[in-house]
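> Sequence:
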Amino acid sequence: MYSRHQARECALQALYQCDVREDYSPALVDIYFEAFQTEDEQSELLEFSKKIIAGVTDHLQEIDRVLQEAAKNWKVSRMSRLDRNILRIAVYEIQYGTDIPLKVCINEAVELAKQYGGEESPQFVNGVLDKVGTMVASGSPKECPPIVE
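Residue numbering for the sequence shown follows the working numbering, starting at 1 and increasing by one per position.
Heads up, some of the hints might be wrong.
[Unchecked claim] Listed next, the in silico DMTMM-like pairs over lysine to aspartate or glutamate satisfying Cα-Cα at most 25 Å (straight line):
{"hint": "1", "residue 1": "LYS103", "residue 2": "ASP130"}
{"hint": "2", "residue 1": "LYS72", "residue 2": "ASP19"}
{"hint": "3", "residue 1": "LYS131", "residue 2": "GLU111"}
{"hint": "4", "residue 1": "LYS114", "residue 2": "GLU9"}
{"hint": "5", "residue 1": "LYS131", "residue 2": "ASP19"}
{"hint": "6", "residue 1": "LYS50", "residue 2": "GLU34"}
{"hint": "7", "residue 1": "LYS50", "residue 2": "GLU111"}
{"hint": "8", "residue 1": "LYS72", "residue 2": "GLU119"}
{"hint": "9", "residue 1": "LYS51", "residue 2": "ASP19"}
{"hint": "10", "residue 1": "LYS51", "residue 2": "GLU111"}
{"hint": "11", "residue 1": "LYS103", "residue 2": "GLU9"}
{"hint": "12", "residue 1": "LYS51", "residue 2": "GLU62"}
{"hint": "13", "residue 1": "LYS103", "residue 2": "ASP58"}
{"hint": "14", "residue 1": "LYS51", "residue 2": "ASP99"}
{"hint": "15", "residue 1": "LYS131", "residue 2": "GLU69"}
{"hint": "16", "residue 1": "LYS50", "residue 2": "GLU108"}
Hints listed in this document are in silico derivations from the structure and should not be mistaken for laboratory results.
Using the sequences and the hints, build the whole thing.
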């Protein structure tokens with residue numbers, strides 16, 4: 001049985017690759033997933049991972065606007081690639097994943113930051129997502145201003 005945490009790990013790895021290459025094309029994502037054997041258990045994991053990746057890439061500009069608004073004094077482009085992609089996954093799930101509670105999204109992101117990020121990553125991710133949660137409660141994330149780089 002797969003866990004959603006494992007699926008998020010796969011999505012993070014694929015999005016990290018896309019970010020490094022500055023290429024979010026479906027073809028690159030497909031190359032990443034070709035490395036996996038497709039057993040029944042893994043097919044569910046891969047489908048959930050692909051759903052996250054597609055959602056993040058489809059809404060990348062909106063997600064980055066939310067991050068820009070929530071992370072005052074931090075340009076999205078200056079965040080570490082890992083932190084940025086952990087945050088993108090979480091914001092996608094908060095904004096567009098209807099079945100995932102806010103606290104679960106934040107906790108999952110913090111766990112990924114502990115597992116893969118730097119020493120300060122968990123605190124940074126938690127702080128940004130706490131602000132995103134406040135924005136969601138006030139109804140403001142979908143109306144964030146354009147990103148200024």
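> Next, verify each hint and record whether it holds.
These are the hints, each one checked on the structure:
Using a Cα cut-off of 25 Å, the hinted pair LYS103 and ASP130 holds, with the two alpha carbons roughly 9 Å apart. This hinted pair checks out: LYS72 and ASP19 have alpha carbons roughly 22 Å apart, not beyond 25 Å. For a cut-off of 25 Å, the pair hint linking LYS131 to GLU111 stands: about 18 Å separates their Cα positions. With a C-alpha separation of about 12 Å, the suggested pair LYS114 and GLU9 falls inside the 25 Å cut-off, and the hint holds.
For the suggested pair LYS131 and ASP19, the alpha carbons sit about 24 Å apart, so the restraint of at most 25 Å is met. Distance restraint check for LYS50 and GLU34: the Cα-Cα separation of roughly 12 Å lies within the 25 Å cut-off, and the hinted pair is therefore satisfied. At most 25 Å may separate the alpha-carbon atoms for a hinted pair to count; LYS50 and GLU111 meet this at roughly 20 Å. Under the criterion of a C-alpha separation no larger than 25 Å, the hint pairing LYS72 with GLU119 is consistent with the structure, at around 20 Å.
At roughly 17 Å between alpha-carbon atoms, LYS51 and ASP19 fall within 25 Å of each other, so this suggested pair holds. Note on LYS51 and GLU111: the hinted pairing holds, with a Cα-Cα distance of about 20 Å set against a maximum of 25 Å. Pair hint LYS103 plus GLU9 holds up; C-alpha atoms about 18 Å apart against a cutoff of 25 Å. Pair hint LYS51 plus GLU62 holds up; C-alpha atoms about 17 Å apart against a cutoff of 25 Å.
A C-alpha spacing of about 24 Å is found between LYS103 and ASP58, which places the hinted pair at or below 25 Å, so the restraint holds. Between the alpha carbons of LYS51 and ASP99 the distance comes to roughly 14 Å, so the proposed pair stays at or under 25 Å and holds. Only pairs whose Cα atoms come within 25 Å are accepted, and LYS131 paired with GLU69 is accepted, the gap being roughly 9 Å. For a cut-off of 25 Å, the pair hint linking LYS50 to GLU108 stands: about 17 Å separates their Cα positions.
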